[in-house]
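**Q** Sequence:
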Amino acid sequence: MDEQARIMQALGGVSLAGHSVQGGMALPPPHGHEGADGDGRKQDIGDILHQIMTITDQSLDEAQAKKHGLNCHRMKPALFSVLCEIKEKTGLSIRGAQEEDPPDPQLMRLDNMLLAEGVAGPEKGGGSAAAAAAAAASGGASDNSIEHSDYRAKLTQIRQIYHTELEKYEQACNEFTTHVMNLLREQSRTRPISPKEIERMVGIIHRKFSSIQMQLKQSTCEAVMILRSRFLDARRKRRNFSKQATEILNEYFYSHLSNPYPSEEAKEELAKKCSITVSQVSNWFGNKRIRYKKNIGKFQEEANLYAAKTAVTAAHAVAAAVQNNQTNSPTTPNSGFQMKDEEFQLDSAESKNTLLTNMFTGSSGSFNLPNSGDMFMSMQNLNGDSYQGAQVGANVQSQVDTLRHVISQTAGYNDSLGGNSLYSPHGLNANGGWQDAGTPSSVISPTEGPGSVHSDTSN
DNA sequence: CGCCATGATTACCC
DNA sequence: GGGTAATCATGGCG
1 MDEQARIMQA LGGVSLAGHS VQGGMALPPP HGHEGADGDG RKQDIGDILH QIMTITDQSL
61 DEAQAKKHGL NCHRMKPALF SVLCEIKEKT GLSIRGAQEE DPPDPQLMRL DNMLLAEGVA
121 GPEKGGGSAA AAAAAAASGG ASDNSIEHSD YRAKLTQIRQ IYHTELEKYE QACNEFTTHV
181 MNLLREQSRT RPISPKEIER MVGIIHRKFS SIQMQLKQST CEAVMILRSR FLDARRKRRN
241 FSKQATEILN EYFYSHLSNP YPSEEAKEEL AKKCSITVSQ VSNWFGNKRI RYKKNIGKFQ
301 EEANLYAAKT AVTAAHAVAA AVQNNQTNSP TTPNSGFQMK DEEFQLDSAE SKNTLLTNMF
361 TGSSGSFNLP NSGDMFMSMQ NLNGDSYQGA QVGANVQSQV DTLRHVISQT AGYNDSLGGN
421 SLYSPHGLNA NGGWQDAGTP SSVISPTEGP GSVHSDTSN
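Under the UniProt record's numbering, the residue at position 389 of the first sequence is numbered 389, and the numbers go up by one with no gaps.
Keep in mind that the hints are not guaranteed to be accurate.
[As the list claims (entries may be wrong)] Computed cross-link-like contacts, PhoX-like style, restricted to lysine-lysine with a CA-CA straight-line distance of at most 25 Å:
| hint | residue 1 | residue 2 |
| --- | --- | --- |
| 1 | Lys298 | Lys243 |
| 2 | Lys298 | Lys288 |
| 3 | Lys196 | Lys76 |
| 4 | Lys309 | Lys298 |
| 5 | Lys196 | Lys87 |
| 6 | Lys89 | Lys66 |
| 7 | Lys273 | Lys243 |
| 8 | Lys294 | Lys267 |
| 9 | Lys309 | Lys294 |
| 10 | Lys267 | Lys243 |
| 11 | Lys168 | Lys208 |
| 12 | Lys267 | Lys208 |
| 13 | Lys42 | Lys66 |
| 14 | Lys272 | Lys288 |
| 15 | Lys243 | Lys288 |
| 16 | Lys294 | Lys272 |
None of these hints come from the bench; they were simulated from the model.
Put together the whole structure using the sequences plus the hints.
**A** Pasting the structure below:
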């Protein structure tokens, strides 16, 4: 500013139609002052200040008239060029093009979060992806639907407030920007303002407003987080699954003990049957695998129980198959062998095979019956593929006989189930992991001696 | 109220 | 991304 004052001093004496530009005042006062002496200058400044202070008292028309008078003044172009020169010399205009302000990471984070939470972004009927995701992870569809709808309603509320406020801010920002731009454009007729400067001013205004916007976004994020945490807290209040659901899951687990990793489809199927979500099924299997592996002994009884259940179910299916085989086409062993049990539907040949081997051999971590070797060989053919070389051309009648044998044995076995260690948990390998499906193992239960593997069922 | 069962979450691994 | 292991936190029972 020193320099500017100096320049102004140097320019002192340049008079425009008797109006002094001394003292740094660019605008010539409307009525004249003589004298450039000290006292007169003071008086001059005081006068100008007074004018400025009382400018608001003037009527708009009066001001407009004055402005017009100034613009039409014959010396105005000269004054304008002088002002331009001063400005150039003082370097006031060279502060324009500076930062191309890079996107604020904080703002980006907030934006991303709001988008993810479904607050920002395209309208989606209030539901939002986040709510849907939360719903998916929140378990029983009917159980917490109330909480869920509550969550959605609150989220919608937040969303609405956010959008209203955002709109308000934008509107205010636009209004203010146009106002300032108009003002500056207007002023650019009397003082040197380049379009670049106007642009810069607009940028400044936008930055100011975006900082306000950021606050809005931040508080919206906070609100969503609070809502979400409350919702998640509520979700954390776990409910035990229904007995039926647990049963279904256990049945699947123990009948696939050799490879208790349900496929995505199987998970969906189980989820549907149990009225739980797929992720809950995954959770359940994750927990089950871990806990089973950790303490196989503890699960022995349960395993027996479910294996027996499965066996009975399967036996029914086998009986049906036998019936089918006898009545339909005895020459084609595989035709008609379909498990149609609605209660425990096995939808692939692989699973049937696993089930059967689980039932009748100890090799996949399920039952262990006397003469199982025989039956194992016989059973393999039923599904056409075998673990140990199928007897492709096996005698159909012998298979039917074997099946009858199996059924009677299974039934009897089931009756005599008395908590004996009938079941040996194979499928678990020495490394503590499960073996691949369909590869019967000879690994012996870590919790039991070899004897238990072939323990007689007294049946 | 303490204990165990159990569903969910988290960190880490492959 | 799905799995394991550890852990948390609640439900439920004696």
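**Q** If you check each hint against the structure, which ones fail?
**A** Result: hints 6, 12, 16 break, sorted rising.
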